[in-house]
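Given chain E, work out where chain Z should sit, using these hints.
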Amino acid sequence: MSDLRAELKKSIIEQLNLEELEVKDISNEEPLFGDGLGLDSIDALELIVLLEKDYGIKLTEPQQGKEIFVSIDKMANYIEANRTK
Amino acid sequence: MNRDYRITNFVKIKNHKIYKGREQIFSEERSEDLNSFLKNAYSSFNMSYPKFYKMDSLCKLGTIATEVLLKGRKIHPETALVFSNSASSLETDKIHQNSMGKGVSPSVFVYTLPNIISGEISIKYGLQSENAFFISKTFDSGLIHNYTEILLDLNKAGEVVCGWIELKNDRYDVFLCLISNEGEISFSKENLEELYLFKDE
Chain E
3 MSDLRAELKK SIIEQLNLEE LEVKDISNEE PLFGDGLGLD SIDALELIVL
53 LEKDYGIKLT EPQQGKEIFV SIDKMANYIE ANRTK
Chain Z
152 MNRDYRITNF VKIKNHKIYK GREQIFSEER SEDLNSFLKN AYSSFNMSYP
202 KFYKMDSLCK LGTIATEVLL KGRKIHPETA LVFSNSASSL ETDKIHQNSM
252 GKGVSPSVFV YTLPNIISGE ISIKYGLQSE NAFFISKTFD SGLIHNYTEI
302 LLDLNKAGEV VCGWIELKND RYDVFLCLIS NEGEISFSKE NLEELYLFKD
352 E
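Line by line, the protein sequences give chains E and Z. Residue numbering for the first sequence follows the working numbering, starting at 3 and increasing by one per position. Residue numbering for the second sequence follows the working numbering, starting at 152 and increasing by one per position.
If we strip away everything but chain E, and leave its shape as in the complex, we get (with noise of 0.2 Å):
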């Protein structure tokens, strides 16, 4: 698994509070929202912060965020190719 993701993932548990997981629980190409990881819309708000905090991306469009926390993959990939820090 790579740095990113491993990180993602950890960033993840961190910040929105799923204690009941830990990283292994989590697999690069699972849904975060709906039937996989269960995320709320709140927590989309969070990954918006993340985002800006930890890797200096800032979403304006709304529907960015559709297209990127679709799983950690694509996370990381959108990341990777975006980041400022």
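One or more hints might be untrue.
Straight-line alpha carbon distances no greater than 16 Å define the calculated EDC-like cross-link-like pairs of lysine to aspartate or glutamate that follow [what the hints assert, rightly or not]:
#1 E/Lys68 to E/Asp37
#2 Z/Lys340 to Z/Asp291
#3 Z/Lys253 to E/Asp56
#4 Z/Lys190 to E/Glu31
#5 Z/Lys275 to E/Asp42
#6 Z/Lys205 to E/Asp56
Here chain Z is said to cover these stretches of chain E; the calculated rule only asks that three of the stretch's residues, wherever they fall, bring their Cβ under 8 Å from a Cβ of chain Z [unchecked claim]:
#7 18-29
#8 44-57
Since the hints were made in silico from the structure, they are not lab data. Since the model is a prediction, treat every value here as computed from it, not as a measurement. Ideal Cβ placement from N, Cα and C applies to all residues, glycine included.
For chain Z alone, kept in the frame of chain E given last:
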């Protein structure tokens, strides 16, 4: 109309102890802080509700109290919720205020109103019912009794969960009752007051 309503059961959470009725069902005096106490209570009651971990402490108190109060009971979607406290959501308000300038958290911000407790409990039990959250200096048994009785008299609810959920400076005091047609204790202002003041020590 004033039918014969009953205090079917009650729950108290205070000083690291949880009572269902007059029976102590959980004690965790070793817990150093409220969050540890709440997490240990959650585990002890075999609760399976991951959203619990995302809640602020006030909501966790309300969620554990209703879990104890309603466990094993068929919950009607029209069960009303009538809560009160004096500190509102002050603990989370302070956390939110302190984060300003450093980057606020959406998941903290959503808990900066006390009536989110009613929302969390409604989601957990699928309630589509009347709810109210009053702010009063101390537990006002008359206010809770009157409002609950009106809801029942007007058939706005068949049952009501009502009481006090307070959290201030890490000190907590929870007293919730289930009001219905079942039980031995008559639903009165005086009985509410007496049960609120009940101490096992």
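Checklist line | Enumerated hints in conflict with the structure, sorted upward | finding: 4, 6
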